[in-house]
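Q: Here are the chains, one letter per residue:
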Amino acid sequence: MKLLEYEAKEILKARGIPVPPNGGVIKTTAGLAAAMKRAGKAPWVLKAQVLAGGRGKAGGIKLAKTPKEAKELAKAMIGMDLITHQTHGHALKVKELLIEGGVKIEREIYLSVVMDRRAAAPAIIASAQGGMEIETLAAERPDAIIRMTVDPDTGLPDFQARRLAFALRVPADRVRAFSKVAQSLVRAFLDLDCSMLEINPLVLTPTGVVALDAKVVTDDNASFRHADLAAKPDHEASALEKEAKKADISYVGLDGNIGCMVNGAGLAMGTMDTIALAGGSPANFLDVGGGANEERVTKALNIILKDKKVKAVLVNIFGGIVKCDMIAAGVVAALKKIKLKVPLVVRLQGTNVEQGREILAKSGIPLIQADDLWDAAQKAVQAAR
Amino acid sequence: MAIILDKDSKIVVQGFTGSQGTFHARQCIEYGTQIVAGVTPGRGGSAHLDRPVFDTVYDAVRATGAFVSLIFVPAPFAADAIMEAVDAGCSTVLCITEGIPVLDMARVKRFIARAESSGREITLVGPNCPGVITPGQCKAGIMPGYIHKPGSIGVVSRSGTLTYEAVDQLTKRGLGQSTVVGIGGDPINGSSFTDILAKFEADPDTEAVVMIGEIGGSAEEEAARFFKEKMSKPVYGFIAGKAAPEGRRMGHAGAIVEGGSGTHASKIKAMREAGITVVENLSEIGDTVAKSRRPLAA
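Chain order of the listed sequences is A and B.
First residue of the first sequence? That's 1 in the numbering used here, and the numbers climb one at a time after it.
First residue of the second sequence? That's 1 in the numbering used here, and the numbers climb one at a time after it.
Certain hints may be false.
Only pairs whose alpha carbons sit at most 20 Å apart, straight line, appear in this in silico SDA-like list of lysine to any residue [claimed, not checked]: (1) A:K245 / B:P245; (2) B:K109 / A:I145; (3) B:K109 / A:K339; (4) A:K62 / A:V19; (5) A:K323 / B:G145; (6) B:K269 / B:P234; (7) A:K104 / A:K2; (8) A:K2 / B:P245; (9) A:K93 / B:G145; (10) B:K172 / A:K336; (11) B:K242 / A:K336; (12) B:K149 / A:D153; (13) A:K2 / B:S261; (14) B:K172 / A:V353; (15) A:K180 / A:H226; (16) A:K13 / A:K104; (17) B:K109 / A:I146; (18) B:K109 / A:D116; (19) B:K172 / A:N352; (20) A:K323 / B:Y146; (21) B:K242 / A:T87; (22) B:K269 / A:K215; (23) B:K233 / B:V278; (24) A:K245 / B:K109; (25) A:K95 / A:K215; (26) B:K242 / A:A276; (27) A:K336 / A:N293; (28) A:K2 / A:G54; (29) A:K95 / A:G56; (30) A:K95 / A:I146; (31) B:K10 / B:P52; (32) A:K215 / A:L240; (33) B:K242 / A:Q378; (34) A:K245 / B:G145; (35) A:K323 / B:E30; (36) A:K37 / A:G59.
Since the hints were derived computationally from the structure, they do not count as laboratory data.
In this text, all values refer to a predicted model and were calculated from it rather than measured experimentally.
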């Protein structure tokens, strides 16, 4: 799960990592004056709380020198549609602003901990060239990036933190402060089961270091041991995605118009690809799961059909442990409860496929049966036109 | 011969008496797999599916000579179960469990590396995978046995149902499989594509390999490099996730494109440049292999 900046900073602050003077989060301009007071003296920074990098360039981070300027900016920013280079053309509605006090910046550093899949261990990624997107930096100045593998059982020992500080040319009088931040960051990564923890930039001030921005992504698989994190609202998931998650269905909404219900994540992706290859566009990723029964099939179909963009539905099931006749019965039962207004293409294969097809054929429900995946994709694309 | 498993593989099932363990162990036994023992802490001394149950893997291995462990233990306890199997002396560990925290797997990998530094060779397959099947000899996992057929095509994949789809296409075109390996959809797993390709290359029963990858990570790119440098047998590759948007996790914890890396395009490019036959249309895996295998069979 991805956390918003202010949530990420709460985590950092609780672990002794210095953050800018915090005025709190506001949803309307009514709370602005109090927030500015809490953040201290001018200038103030107004930061749009959305899950995307590149906010500054897109107008989502503004500096206000006077209360009047702050009020005008806040008015313009709350409710604005933010499009950054990371939102892929989609606009994110700004619902909350974080109000912070200004920080005296001497230099900016990039510091993050990520899960390194190849090394099968966490790794620190750092650069003396902070403030830039790390992807840009990796492309343009790969030599400016420092990489260090972290032992998940040891954390970051003092010597490793010092080595990092000197490699980043942190001035000697702030090496201790920097090391403490780096060690706390690694500790937080390990304690909270993160898949990414990023401070960009970590700024050197005349007297220490401050985390100016923060990004936290946690490992969903570990949420069973982090009740506090699991209780936080999921800012990225849409209403439909949340509904699916509650039903233990893996669903991701997309831009297209062909709804998909598939068993297995790989086959679900493969089905999306096949639809695209046939000239169509998938409306969602949906893995109904290995233990798909009538109830889950009904729930999944419901979720797919709630997406108003959907012009046709493709059900692709490879019956292994899940039996095709059971899925077919589930589809039929579901369609007795749901009024189907769009064409439905069903492709069944695997265990008990003949019985499954017969159940569908005898049901009297107007659906289109397909023999193989390619046939199904073509029929769905045609039906959606 | 095949790889990883054959008819002589003696298997202990961890999480044997749970609903998943019971259901799938029974199907494995019906397939003819030598499930010789089960482990459920606290149930030692009893019997389940006509097999002895032990409290620890250590006891099960000592009593039955099992050297392969098949794990159905729930995610919060699965990493511990893998380490228990390794510690008890199992040389092959197949972990079916989905949803193990990534950090737990990082610790498991270090645990296995320590065990291997004393000269042992350990093969971990999974987690979050369908398991391994050597058709006609041994099925250890959750795949439907009947779609497989003994033969000479090795299959390795990150996804379960996508593997069934590919295997079904192969079998329907008369192409049997030497061994089918699901390496799992997690960001950190036991065996990589490269590990399994190396085994297939060394296996006299395997003539060609179908490799089914997906977006996220760089395992397919590394496998392509391995293929170019070390392999003589043909490999057919498919990558799922071309239509997936960046930054969103597609079901599998490992299937996410981050910061422009792990993309469909980069994997296809690496495979093509290495000389792997790339299959773009999922429905054409069987046909593509059949077409290029026919001259050899004639």
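Q: Can you list which hints this structure breaks, lowest number first?
A: Checked against the structure, the hints that fail are numbers 2, 3, 7, 9, 10, 11, 12, 15, 17, 22, 24, 30, 32, 34, 36, while the rest are satisfied.
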